[in-house]
Amino acid sequence: MLGIVRQKMLEQSLKKIPPAVSVLRSYSSAAKQMTIRDALNSALDEEMSADSKVFLMGEEVGEYQGAYKITKGLLDKYGPERVLDTPITEAGFTGVAVGAAYYGVKPVVEFMTFNFSMQAIDHIINSAAKTNYMSSGQISVPIVFRGPNGAAAGVGAQHSQCYAAWYASCPGLKVLAPYSSEDARGLLKAAIRDPDPVVFLENELLYGESFPVSDEVLDSSFCLPIGKAKIERKGKDVTIAAYSKMVGYALKAAETLEKDGIDAEVINLRSIRPLDRSMINASVRKTSRLVTVEEAFPQHGVGAEICASIVEESFAYLDAPVERIAGADVPMPYAANLERMAVPQVEDIVRAAKRTCYRSVS
Amino acid sequence: MALSRLASSSSSSRSADLLKPLCSAISLRRPISTDTTPITVETSVPFTSHQCDTPSRSVQTNAKELLTFFRDMALMRRMEIAADSLYKAKLIRGFCHLYDGQEAVAVGMEASITKKDCIITAYRDHCTFVARGGTLLEVFAELMGRQAGCSRGKGGSMHFYKKDSNFYGGHGIVGAQVPLGCGLAFAQKYSKDEAVTFALYGDGAANQGQLFEALNISALWDLPAILVCENNHYGMGTAEWRAAKSPAYYKRGDYAPGLKVDGMDALAVKQACTFAKEHALKNGPIILEMDTYRYHGHSMSDPGSTYRTRDEITGVRQERDPVERIRKLILSHDLATEKELKDIEKEIRKEVDDAIAQAKENPLPESSELFTNVYAKGLGVESFGADRKEVRAVLP
Numbered sequence: 003m004l005g006i007v008r009q010k011m012l013e014q015s016l017k018k019i020p021p022a023v024s025v026l027r028s029y030s031s032a033a034k035q036m037t038i039r040d041a042l043n044s045a046l047d048e049e050m051s052a053d054s055k056v057f058l059m060g061e062e063v064g065e066y067q068g069a070y071k072i073t074k075g076l077l078d079k080y081g082p083e084r085v086l087d088t089p090i091t092e093a094g095f096t097g098v099a100v101g102a103a104y105y106g107v108k109p110v111v112e113f114m115t116f117n118f119s120m121q122a123i124d125h126i127i128n129s130a131a132k133t134n135y136m137s138s139g140q141i142s143v144p145i146v147f148r149g150p151n152g153a154a155a156g157v158g159a160q161h162s163q164c165y166a167a168w169y170a171s172c173p174g175l176k177v178l179a180p181y182s183s184e185d186a187r188g189l190l191k192a193a194i195r196d197p198d199p200v201v202f203l204e205n206e207l208l209y210g211e212s213f214p215v216s217d218e219v220l221d222s223s224f225c226l227p228i229g230k231a232k233i234e235r236k237g238k239d240v241t242i243a244a245y246s247k248m249v250g251y252a253l254k255a256a257e258t259l260e261k262d263g264i265d266a267e268v269i270n271l272r273s274i275r276p277l278d279r280s281m282i283n284a285s286v287r288k289t290s291r292l293v294t295v296e297e298a299f300p301q302h303g304v305g306a307e308i309c310a311s312i313v314e315e316s317f318a319y320l321d322a323p324v325e326r327i328a329g330a331d332v333p334m335p336y337a338a339n340l341e342r343m344a345v346p347q348v349e350d351i352v353r354a355a356k357r358t359c360y361r362s363v364s
Numbered sequence: 006m007a008l009s010r011l012a013s014s015s016s017s018s019r020s021a022d023l024l025k026p027l028c029s030a031i032s033l034r035r036p037i038s039t040d041t042t043p044i045t046v047e048t049s050v051p052f053t054s055h056q057c058d059t060p061s062r063s064v065q066t067n068a069k070e071l072l073t074f075f076r077d078m079a080l081m082r083r084m085e086i087a088a089d090s091l092y093k094a095k096l097i098r099g100f101c102h103l104y105d106g107q108e109a110v111a112v113g114m115e116a117s118i119t120k121k122d123c124i125i126t127a128y129r130d131h132c133t134f135v136a137r138g139g140t141l142l143e144v145f146a147e148l149m150g151r152q153a154g155c156s157r158g159k160g161g162s163m164h165f166y167k168k169d170s171n172f173y174g175g176h177g178i179v180g181a182q183v184p185l186g187c188g189l190a191f192a193q194k195y196s197k198d199e200a201v202t203f204a205l206y207g208d209g210a211a212n213q214g215q216l217f218e219a220l221n222i223s224a225l226w227d228l229p230a231i232l233v234c235e236n237n238h239y240g241m242g243t244a245e246w247r248a249a250k251s252p253a254y255y256k257r258g259d260y261a262p263g264l265k266v267d268g269m270d271a272l273a274v275k276q277a278c279t280f281a282k283e284h285a286l287k288n289g290p291i292i293l294e295m296d297t298y299r300y301h302g303h304s305m306s307d308p309g310s311t312y313r314t315r316d317e318i319t320g321v322r323q324e325r326d327p328v329e330r331i332r333k334l335i336l337s338h339d340l341a342t343e344k345e346l347k348d349i350e351k352e353i354r355k356e357v358d359d360a361i362a363q364a365k366e367n368p369l370p371e372s373s374e375l376f377t378n379v380y381a382k383g384l385g386v387e388s389f390g391a392d393r394k395e396v397r398a399v400l401p
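So the sequence lines, in the order shown, correspond to chains G and X.
Here the first sequence is numbered in this note's numbering, starting from 3 and rising by one per residue.
Here the second sequence is numbered in this note's numbering, starting from 6 and rising by one per residue.
Treat the hints with care, as some may be off.
Stated by the list, open to error - Each computed DSS-like pair below joins lysine-lysine, with the alpha-carbon atoms no more than 30 Å apart:
1. X:Lys168 x G:Lys55
2. G:Lys74 x X:Lys394
3. X:Lys120 x X:Lys394
4. G:Lys79 x G:Lys55
5. G:Lys232 x X:Lys394
6. X:Lys365 x X:Lys159
7. G:Lys230 x X:Lys197
8. X:Lys365 x G:Lys132
9. G:Lys232 x G:Lys288
10. G:Lys55 x X:Lys93
11. X:Lys168 x G:Lys132
12. X:Lys168 x X:Lys197
13. G:Lys132 x X:Lys159
14. X:Lys159 x X:Lys93
15. X:Lys197 x G:Lys55
Note that these hints are calculated values from the structure, not bench results.
Looking at chain G on its own, in the form it has when it is part of the complex:
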């Protein structure tokens, strides 16, 4: 009898462990924990080791070891020819990096945050994204633009914007948003190996968070496919689609909802462009309800695109209107209470999910 109780407790605790639970079960060794920071650093290290054409460029990526320490140790290992500290001139160094990619080498450009990428956005869109098309395939642009995106903590309006929707609206770009360490490793490696320009949106607040990683994930050949979302939690009552930090919030919301008898399916988008429309639609056809979650400004956002896709492809399957949870439609305020109101919280996701189930939200 005690054995059954212990079994039930084990099952409960296993359910609480975030991603890669199923992967854990198939490998007998104890799960290693890895922070996002280490995941990104190891991915950069391995790809630079595997391909001498890969090099890093950005502010403080070299001697400072990276503004957020993502590039720590890489200058020592690969030297100043492959890890380049740039002046604070985004338009200039982004243009230089794109031109280098035209020639065939493979830059990984760091923006200290994506807010500063706006100074270089002409090169990302007009020089990088569109060139393969305009040249009819003559000139491909194997470049990665990476860095923290979205809100941090208390950094105010000019340092908190999420750029996923802006970049993902542009044909010719690939836009990725990892959540876990597995995502960080697999997607960054895929991005570096990909011959097209990739915008790689990290999250500053996730850098220090640890996630379990299997031996497969730790292998230097590990790679995740671009354009495929991941079902982080299987469910049958409502689909919650999110990316980056909001995936963690969605999983917490799912736990809360479970207590109320609502079984949520949580999708980690991983890829904003190409968007995995078929997986999201397949999920909604199963659950009949959708909640999208993003930290970004709501208007013309990723959630809007997902909702449109569902309405276009799976209208007959919906049992409730689609719901969007997003950042508040205001520039990010500084005061802690206002800041809290400006980004989605777990209770917002729970409330929206309950609305789709026509449950009382009070």
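Based on these hints, arrange chain X on the given structure of chain G.
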């Protein structure tokens, strides 16, 4: 004035004496196009420099090179004028920025470098593309949006590319090509290719901030980048003195050396580019300011006469035309007769007309081409037409 000095000096030079016996027999003219006996010519004006030595005014050339210059520039001239007619006949749409008057820059530069060196320019790119080895058919077909175009009809006038000759376009955003060009130079250095990049821009683009950002990086990292300002004195309708506090563009690099060059003199351009290549490989970036002129307006939508006088335009045509300069040089050195040069021009007209006829017959791209080359690696994702329930495609 400079030319008459040239004529008198050539008649007393040894090389002209060597040529004299050849001139008399018409049947012996055939070898002229392959004659590489050195001839020395003085540039129209001396070079002016900033933070560096000037190259010599005496340029080494030969009959073969001069005839090639003549032919190439006359071809470019004829091509651009034909494009003007095609635009007015509505066979070319959108933007069309013509280069006639500036041919010496494209031709002189090409003579000083190899196809391992890279060139990148802005939207006035038709002649630079031809100098890099592009064909007339590729030009006219691209301008008319046909399959045989260099970008298979998907780029248009401003987006010509020829990667196998290290010609990287063809850019519509003013100034963007300069950091891109410095990036090409970076990649050449990174790959240890011992070659340089020429990044061309106009006097209008010379005030762009990103240019100075790229120059700063190039100088810090010793990149083999040569920034070439094609100063035709007007940024669209704005004269240089209205746009630049300092129109001495060759000095604007501050810590980077610069050279001012007569851009209507193909030999001066060649000399300057040779000098610049040697400099850039050893010492990093250098600026070349080519003093040149465009006969057409900024584009086909601009008559080009509201902000400058017709007298100015005809004056330049009479005094400084690059094709005429080479013609006079060839004639004064007795390298060919007037009739032979006219015959070359007739041949060129025919070549251009034939290419246009061929381009007109060439089909527009297949509808499926709407969805090709969005990505180099399409991943099997779907893309949509205007009505996504009607037109969808899997990206190759």
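How the hints compare with the structure:
1. For the hint pairing Lys168 of chain X with Lys55 of chain G, the CA-to-CA distance comes to about 19 Å; that is within 30 Å, so the pair holds.
2. The suggested pairing of Lys74 of chain G with Lys394 of chain X is violated, with an alpha-carbon distance near 49 Å, which exceeds 30 Å.
3. Between the alpha carbons of Lys120 of chain X and Lys394 of chain X the distance comes to roughly 47 Å, so the proposed pair goes past 30 Å and is violated.
4. For the hint linking Lys79 of chain G to Lys55 of chain G, the alpha-carbon distance of about 15 Å falls within 30 Å, and the restraint holds.
5. Distance check on the hinted pair: Lys232 of chain G and Lys394 of chain X sit about 26 Å apart at the alpha-carbon level, within 30 Å; holds.
6. Between the alpha carbons of Lys365 of chain X and Lys159 of chain X the distance comes to roughly 16 Å, so the proposed pair stays at or under 30 Å and holds.
7. Between Lys230 of chain G and Lys197 of chain X the CA atoms are separated by roughly 38 Å; this puts the pair beyond 30 Å, and the hint is violated.
8. For the suggested pair Lys365 of chain X and Lys132 of chain G, the alpha carbons sit about 27 Å apart, so the restraint of at most 30 Å is met.
9. Between Lys232 of chain G and Lys288 of chain G, the direct Cα distance comes to roughly 16 Å. Compliance with the 30 Å bound is thereby established for this hinted pair.
10. At roughly 47 Å between alpha-carbon atoms, Lys55 of chain G and Lys93 of chain X are farther apart than 30 Å, so this suggested pair is violated.
11. This hinted pair checks out: Lys168 of chain X and Lys132 of chain G have alpha carbons roughly 16 Å apart, not beyond 30 Å.
12. Of the pairs offered as hints, the one joining Lys168 of chain X and Lys197 of chain X holds, with about 19 Å between alpha carbons and a cut-off of 30 Å not exceeded.
13. Straight-line distance between C-alpha atoms of Lys132 of chain G and Lys159 of chain X comes to about 11 Å, which keeps the hinted pair within the 30 Å bound.
14. Restraint check for Lys159 of chain X and Lys93 of chain X: satisfied, since their Cα atoms lie roughly 21 Å apart, inside the 30 Å limit.
15. In summary, the hint linking Lys197 of chain X to Lys55 of chain G is supported, as the alpha carbons are separated by about 12 Å, within the 30 Å threshold.
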